[in-house]
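What follows is each chain in one-letter form.
Protein chains: 2
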Amino acid sequence: MNIVYYPLGISIAGLLFSLWLIRRVSASPEGTEGMTKVATAIREGARAFLRRQYRTIGILAIVLGVLIFVTYAFTGKFAVGVQTGTAFLFGALCSGIAGFTGMSVSVRANSKVAAAADRKDMNSALQLALRSGAVSGIMVTALSMLGVAALYVLYTSVLHFDPREVPDIIVGFGFGASFVALFAQLGGGIYTKAADVGADLVGKVEAGIPEDDPRNPAVIADLVGDNVGDCAGRGADIFESTAAESIGAMILGVALYPFFQEKGILVPLIINAFGLIASIIGVMTVRVKSNEDPMKALNRGFYVSLALATAVMFFVTQSFLGKEYLWFFGAGMVGLAMSMVFVWLTQYYTDHKYRPVQEIVRGSETGPATNIIAGLAVGFENTALPIIAIAASLFGAFKLGEASGVTDGGLFGTAIATMGMLSTAAYILAMDNFGPITDNAGGIVEMSGASDETREITERLDAVGNTTKALTKGYAVGSAALAAFLLFSAYTKVAKIDIVDLSKVPVFIGAMLGGMLVFLFSALALRAVGKTAGYIIEEVRRQFREKPGIMQGTEKPDYGRAVDITTGGALRNMVFPGVIAIVVPVATGLIFRAEAAAGFLMVATIVGILMALVMNNAGGAWDNAKKFIESGKFIDSKGVIQGKKTPVHAAAVVGDTVGDPFKDTAGPSLHVLIKLLSTLTLVLAPLFM
Amino acid sequence: MNIVYYPLGISIAGLLFSLWLIRRVSASPEGTEGMTKVATAIREGARAFLRRQYRTIGILAIVLGVLIFVTYAFTGKFAVGVQTGTAFLFGALCSGIAGFTGMSVSVRANSKVAAAADRKDMNSALQLALRSGAVSGIMVTALSMLGVAALYVLYTSVLHFDPREVPDIIVGFGFGASFVALFAQLGGGIYTKAADVGADLVGKVEAGIPEDDPRNPAVIADLVGDNVGDCAGRGADIFESTAAESIGAMILGVALYPFFQEKGILVPLIINAFGLIASIIGVMTVRVKSNEDPMKALNRGFYVSLALATAVMFFVTQSFLGKEYLWFFGAGMVGLAMSMVFVWLTQYYTDHKYRPVQEIVRGSETGPATNIIAGLAVGFENTALPIIAIAASLFGAFKLGEASGVTDGGLFGTAIATMGMLSTAAYILAMDNFGPITDNAGGIVEMSGASDETREITERLDAVGNTTKALTKGYAVGSAALAAFLLFSAYTKVAKIDIVDLSKVPVFIGAMLGGMLVFLFSALALRAVGKTAGYIIEEVRRQFREKPGIMQGTEKPDYGRAVDITTGGALRNMVFPGVIAIVVPVATGLIFRAEAAAGFLMVATIVGILMALVMNNAGGAWDNAKKFIESGKFIDSKGVIQGKKTPVHAAAVVGDTVGDPFKDTAGPSLHVLIKLLSTLTLVLAPLFM
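Protein chains in written order, with numbering that gives the first Met the number 0: chain A, 0 to 688; chain B, 0 to 688.
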């Protein structure tokens, strides 16, 4: 049997399993009528956004797909044009399906989690939230693997291409996935933060009503935002990681053909496939003991997945990579270790228990300015240890691979390490989706006026969700970083350049432009949030003005209009930064050619990782500094407790508001940008040569 | 006559001219007794800081000098050790002398400017401020040139070395200059912002007294800060630019020996020397017409300098660079053009007349958080055009040089462009020092209770000073960027590496670490300001508590103690970031070797330029957004004027406070860091090979 049937079969099995999970979730009891009403509004808003978003993305994708085809056709590479163009559209389609289905489950699960909390059943609530999150996690990983494996089978078994040519042909699939991910994350990120900021500024600050208050016309838009940003956005991000990094690893595997033949090309996919099984088992074992911190239960599940992934790594390398397999197993372990290190580091920089967040808390004592400075200092500082971890992993995996004695074994070592890191992706994504689901459940409980005890359960779950969201962002940056080297090694192979010599003027210019793009893109993403928030603020003010009954509770606000306006705004404002992200590298490659494009890619990646770390973790730290002050545990330098509604708290709120578009819009969009640049240059390499 | 006597002679003439200027300034009439008293306090504070600062720097320099010597001696390169170690100490000494003397004049000029304002003589006030600023500008450029030229004469004429070996030998001088510059800028930057923030937070916010109020114990420390940060710090920065970039250009000149012999090596110095004359003439022509905007007068002077520098460039290239000189003249013009473009771009991003500052002003309407987000977006965005300008200049200068047909002519073209940009350095520095001098004059007028009319004159000059400070920072980043390529080309020549291949794992790791260092260093610089400000806040609170008479005006605050505490704090807190800036690149070079060190250097430079642009210009834009609101010209979206003491103004003050350590500590320290990394790697290249 051809071993490509492992990933093919496992991904189909994974999809079936996720269908079973969907049925389980659907069968779980609905909540009260009040809950269902709120949940329906969220669901409709989220679906409406996603439909319009994917329509916009679809149009853009078709335009780009045709453009790819035409460009190749005009340069006389008709066949490459057809192959790349269709692979691109296929990748975009699969990513869209995975994102849409995954999110549909999440927005159905939220009211059921609320209902479980209403029954005071913490374990059911937790399991429901995690398993619904896992649906998206599994679908994303499985569909992305299925797409790659199917294309591979098509070209080798049906069209009888040499297996060594196939990875180059299917890079279009990865580019399609990155393309969708960029806009999904950008659009979702803009939506979620614009709605959040808009709802807060008019609701909390101007009208003085609490968060998630049903009188706020933007409250549903805010709850919708959690789904479309975190859930759909991150799903698309991981979809493209799995696809692009597998294909990149397969391209490097080609270099090892003399040693391992087709096995070298397919090992990355096989690790991914068995990793999916490890993740599924991890998810299914999670169970919270009475009164235990739910985070502990989630961590246990993660460790189960990691342990199984270790076993997977051993058996796969041992079965397919000859007698030198132990070196590659070691490289894979480096990747698994890095996923743990990144989770720890993220926790250190964003948890209130440690120095960094406490520094921000103390900074809040002297007002918002010192809070901001402290937060930025923490953000800048927190690049150091992760970069050292990345450098160490890269060096370790490379040296282990090199020690195998296989030609290009070093590069392949880094590829295996990346696959190791990605092998628990489905679990991580389940944890990530846990965040918006529990957040929504909390909102539903709040808006439907449930009891305090119910609220306590959802609040505990929501707090855990905040932590998991931060951790998965750390994981996403880490995997992007580890994958980066693999992806540009693949680029240099495809573009047939042996070196990327920074001491040449065009390459250095490419490098400068690459670094610049990251800053420009971040600026545009931040500005898009501000603009879109402006529309919502206007709309909420208008509703309050024209319907004075809303504040007295006698008139219902028009949630739908707020959702519509946010949707339209987010979609309009995502286009410009997205287009810039594509035009700048293409222009660089066309003007300064392939080696300069490589310089662009590498430095953009480095700067992108740095800025993503700054944005994600400064944002997380600001958030938790505010939460710590709200918990009433902060005693200031004069010995006074400074809790909610003090000036210290107000200062911390400023930091949190600044951090929001950092950690939920610009930061996550940067992970995707990095990978988009890799797949983009891979696909267009022939034009730059 | 050996042409090295041109720079030697001109630099000595420049020094004599600056002595004459000092006498002129000294002869200018003193102000009232009240003014003299305040001025004396500032002078003593500044001198005390500088003495202690240079003592600390001296000790560190001697330690490092010995270390350099020992390291070389141990690796068997005894002669190189002696040469490099002494050149290093000589460079550090010259930089110290230039910094100290220049600042002494500035702190003597402030009360004389105040006196001229008191006589309602705007023209005298402006000329005094500019010419006193020019003393430092001329001394810095002349001494740095003198040092390089003297060493060159020593090695060629006295010790009879081959001229081609000399540039490599004297790189130690540049490293010494960078080393002093790093600590001068860091220490001064920490001092100035810690004193500013400390004085504001306790004085303005807690006690509710206006800025520069004599009852504030930290007011003298604040005025001292302007001198030690802007004046001494930036002086050391430009000293090292002139030194390091001349030496770098000379190293590239060696490659052109077959064409131009010694002339190729010395042309950079000669351009610098004649540029000094152009700058001096520019300074001396400045004269303000009655009631004209003083900025116009300064701009006229700058254009005079630029026009003369153009002529200089033409005659020097024509006289020394053979029949292909027109290409190099063109490259030089690229450098001069870039200095203008950078001045414009900085103005666009930091002047209230244009979109960026207006965006921050509008962001302030909805509170401090949106002000901060808008400011950061402006900061991130403002990297784009400057980077494109740098790329275009680099490419243009390289292509022009290459077209000359001379071997390595392209690189030499970039060197000539850098020299072109630097040829007006003395004028720029005079404008820069104009800032703290007029700022101080304003403070003195305020504290000595002069008339409103006097105050108006100093306020107008102070506003101009704020603009010139922003422009010179733009100029400093631009020159650092243009010089960067020249300096690492010099490094690759010294380290004898032909390529810097980013696709090798160690080089890529070096590159990542280089990018990371910039962020870490920025974090440490910001934190140092916060820490030091904390000491001052405590001290001011203590004085208010223990001497209740201060607030009633019956008791005098202890200014000296506040100055002492700031001094000690700034010096203690500058050491750690400074040491990190040296240890990280050295460790990278020793572990991963010469090519990785080059990758480190290049990516650190790119990221450093990006972050310096963000920090300088976001800071400047925040500052001017606040000033625009204070001017009472801002009409909000509801049609209401939002001036001083409104919540909109309060939001803008938060942005300004965040921007202060950005633009006056971290940003300027980054320019210096970039150049320090170049000279450091140049000096240690033999150890990395």
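No wet-lab data here; the hints were simulated from the structure. Just so it is clear, the structure is predicted and the values come from calculations on it, not from any experiment. Some clues are possibly wrong.
Because identical chains share one entry, a pair is satisfied inside a single copy or across any pair of copies.
[Said to hold, decoys possible] Using 20 Å as the maximum straight-line C-alpha spacing, the simulated EDC-like pairs for lysine to aspartate or glutamate come out as follows:
| # | residue 1 | residue 2 |
| --- | --- | --- |
| 1 | Lys530 | Asp635 |
| 2 | Lys632 | Asp120 |
| 3 | Lys119 | Asp451 |
| 4 | Lys644 | Asp563 |
| 5 | Lys295 | Asp500 |
| 6 | Lys637 | Glu545 |
| 7 | Lys637 | Glu537 |
| 8 | Lys530 | Glu291 |
| 9 | Lys503 | Glu401 |
| 10 | Lys530 | Glu358 |
| 11 | Lys644 | Glu629 |
| 12 | Lys203 | Glu32 |
| 13 | Lys530 | Glu364 |
| 14 | Lys76 | Asp497 |
*Measure nothing new, just compare the shortest in-copy and cross-copy C-alpha distances for Lys76 and Asp497 to 20 Å and report within, between, both or neither.*
Close neither inside one copy (23 Å) nor across copies (36 Å); limit 20 Å.
*Can you give me the call for Lys295 and Asp500, within, between, both or neither, at a CA distance of at most 20 Å?*
Neither. Shortest intra-copy (48 Å) and inter-copy (45 Å) distances fail the 20 Å Cα cut-off.
*Up to 20 Å between alpha-carbons, please classify Lys644 paired with Asp563: within, between, both or neither.*
Neither: 33 Å inside a chain and 38 Å across chains, both beyond 20 Å.
*When no copy is specified for Lys632 and Asp120, does a C-alpha distance of 20 Å or less occur within a copy, between copies, both, or neither?*
neither (29 Å within a copy, 59 Å between copies)
*Quick one: Lys503 to Glu401, C-alpha cut-off 20 Å, is that within a copy, between copies, both, or neither?*
between (28 Å within a copy, 13 Å between copies)
*What label fits Lys530 with Glu358 when the C-alpha limit is 20 Å: within, between, both, or neither?*
For Lys530 and Glu358, the Cα distance is within 20 Å only across copies (11 Å; inside one copy 31 Å).
*Up to 20 Å between alpha-carbons, please classify Lys644 paired with Glu629: within, between, both or neither.*
Answer is within: at 9 Å inside a copy they meet the 20 Å cutoff, but 29 Å across does not.
_Status of Glu32 relative to Lys203 across identical chains (alpha carbons, at most 20 Å)_ = Answer is neither: 27 Å inside a copy and 55 Å across each miss the 20 Å cutoff.
*Should Lys637 paired with Glu537 be assigned to within, between, both, or neither, using CA atoms and 20 Å as the limit?*
Close across copies (12 Å), not inside one copy (41 Å); limit 20 Å.
*asked:* One pair to classify: Lys530 and Glu291, alpha carbons no more than 20 Å apart. Within, between, both, or neither?
replied: Neither way: Lys530 and Glu291 sit 43 Å apart in one copy and 40 Å across, limit 20 Å.
*asked:* At most 20 Å between alpha carbons: which applies to Lys637 and Glu545, within, between, both or neither?
replied: between (47 Å within a copy, 17 Å between copies)
*Can you give me the call for Lys530 and Asp635, within, between, both or neither, at a CA distance of at most 20 Å?*
The answer is between: 16 Å across copies meets 20 Å, while 37 Å in one copy does not.
Checked against the numbered hints above, the structure breaks hints 2, 4, 5, 8, 12, 14 and satisfies the rest.
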